[in-house]
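All chains should be built: construct the whole structure from the sequences, respecting the hints.
Chains as they are written, first to last, in the numbering used here: chain E, 1 to 227; chain G, 1 to 221.
Keep in mind that the hints were calculated from the coordinates and are not lab data.
Predicted model, so just to flag it, every value in this text is computed and none were measured.
Check each hint, because a few of them may be wrong.
Counterexamples of contact, computed for chain E against chain G with all Cβ distances above 10 Å [said to hold, decoys possible]: (1) 23; (2) 45; (3) 54; (4) 60; (5) 70; (6) 97; (7) 129; (8) 138; (9) 139; (10) 145; (11) 147.
Listed below are several chain G residues computed to face chain E (Cβ distance under 7 Å; list not exhaustive) [unchecked claim]: (12) 3; (13) 137; (14) 164.
No residue lacks a Cβ here, since even glycine has one placed at the ideal position from N, Cα and C.
Listed here are the chains, written in short residue letters.
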Amino acid sequence: MNAWSRFLDTFFKWPLIERYFPDIAKGVVVTIEIAAVVVVTGILLGLALAVVRTFRVRAFNLLIVIFVDVLRALPPLVLILLVYFGLPNIGINLPSFAVLWLVLALVLAAFAEEIFWAGILSIPKGQWEAARSTGLSFIGTLAYIVLPQAIRLTVPPLTNRTIVITKNTALGTVIGVGEILNQASSAESFSGNATPLMMGAIAYLILFVPVVALGRFLETRFSWRRV
Amino acid sequence: MEAIVQQFFNFGIMREALPIVVAGFIQTIAICLIVIPLGLAGGLVFALISLSRLRSARWAAIAVIDFFRSIPPLVLLIFVYAGLPFAGFRPSPMTAVAIAFFLNTSSYYGEIYRAGIESVGSGQWDAARSTGLRLDQALAYVVLPQAVRNVLPDLVSNAVEVVKLTSIASVVALPELLYSADMARSVTFNSSPIVLAAAIYLVMLWPIVRLISRLERRIAA
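Structural data, given as structure tokens:
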């Protein structure tokens, strides 16, 4: 067998592609499901925390800063193992899908809070004062004047961070969430061939290359580079 | 409450697990000392190619960077570790980690360097070249120092991401910090060793996370 056909036989074996396509497709659906719930809940929670922070209640702000710093400093896989293996022993049983969702959403919330907060801080004080002087309430100023401008600034960094965290759905394989990597690596060990792994990698490329390209576009389109 | 302390903050078990967890911590440091310099060097090469005058080289570099930014690092690692043996190359866990991290980390660093170099005005290049500096000298002595200063928070914050990412090496049984802690957990049926590992990550990375916030504010000001 020459090198080329050996290569095809190792990474692109047609019968295996046919056999495992449904499994990988199932994994794609699970990955998209987790990614969707993580992105929505994580970003909303991050925005909520940033809004709470604008009220400048010292006790709340301290808690938020600690929450954000801890989740930025800990590897998500550590948190996943901690929650997945630790909670059952104190009587809380969460399915692995929920564990993955919870951990990734909290991590995304921490990063999103930091990004939203930086965006809010970057809006000049005069904007607040002008809005308040027209008779808008604090909440009204935040909702109609500050956040619309702040969120525009946060689009590129938030997109990039969201992509990084969404790719972490692959960590779910460690606790048996049936996402793409999990399907691919169990098919790989079952079939004794690297083709399913290649299929998994291609599935990720199909999912993420458009998003990464979108992030690149947003970066040039939206960013007001300060340096 | 009692159960929580027993399960997560059991100091007896932590003390027992300490030697193995510390050994894991040393492995984690070793991995970082290999993969961060590799990534910084590879990233610079990616960045320079992606800024080249040749349009084809530019597009190729950007395609490669986006390719590796689109694949989850764990997928890359498992592909290298479990997939390549079928093609006749059987890397050790450390080699697999080095290869996968090199590809992933270089792509991210490449993007950061590129933004940094682009942030330095072209007048700097022209002025440097007009004083008689060669292209490589202009890059090394004039452009790069300013570029690095401009993107320093991003470089540092990516280093933090890499340190955190080394925890996925546990999946290919490289006995780093998380792997060792998880071994201790599975032997003792108690999560305290993982809390201990988490505490070590926190002590190591929290100061840097704080520093990044400060750096970001200083540059913004």
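- Message: Checking a non-interface call: every C-beta of chain G should be farther than 10 Å from the C-beta of residue 145 of chain E. Is that right?
- Response: Fine: 20 Å to the nearest Cβ keeps residue 145 of chain E off the interface.
- Least C-beta distance between residue 54 of chain E and chain G, which was stated to exceed 10 Å: At about 17 Å from chain G, residue 54 of chain E clears the 10 Å cut-off, so the statement holds.
- Can we trust that residue 60 of chain E is non-interface, i.e. its beta-carbon lies farther than 10 Å from all of chain G? About 18 Å separates residue 60 of chain E from the closest Cβ of chain G, which puts it past 10 Å; holds.
- Query: So is residue 139 of chain E really clear of chain G, every C-beta pair being over 10 Å apart?
  - Reply: holds, 26 Å
- Is it correct that the beta-carbon of residue 45 of chain E has no partner in chain G closer than or equal to 10 Å? Since the minimum Cβ distance to chain G is about 19 Å, residue 45 of chain E lies beyond 10 Å and the statement holds.
- Query: When you look at the beta carbon of residue 23 of chain E, is every beta carbon of chain G farther off than 10 Å?
  - Reply: About 16 Å separates residue 23 of chain E from the closest Cβ of chain G, which puts it past 10 Å; holds.
- Query: So is residue 97 of chain E really clear of chain G, every C-beta pair being over 10 Å apart?
  - Reply: holds, 17 Å
- Query: Going by Cβ atoms, does residue 70 of chain E stay more than 10 Å from chain G at every point?
  - Reply: violated, 7 Å
- Any Cβ of chain G at or closer than 10 Å to residue 138 of chain E, or is the non-interface label fine? holds, 24 Å
- Query: Are all beta-carbon distances from residue 147 of chain E to chain G longer than 10 Å?
  - Reply: Holds, since 19 Å exceeds 10 Å.
- Can the hint on residue 164 of chain G be confirmed by a CB-to-CB distance to chain E that is less than 7 Å? Residue 164 of chain G check passes; min Cβ-Cβ to chain E is 4 Å, inside 7 Å.
- Say whether it holds or is violated: residue 129 of chain E keeps its Cβ farther than 10 Å from all Cβ of chain G. holds, 20 Å
Hints 5, 13 from the list above are not met by this structure, while the remaining hints are.
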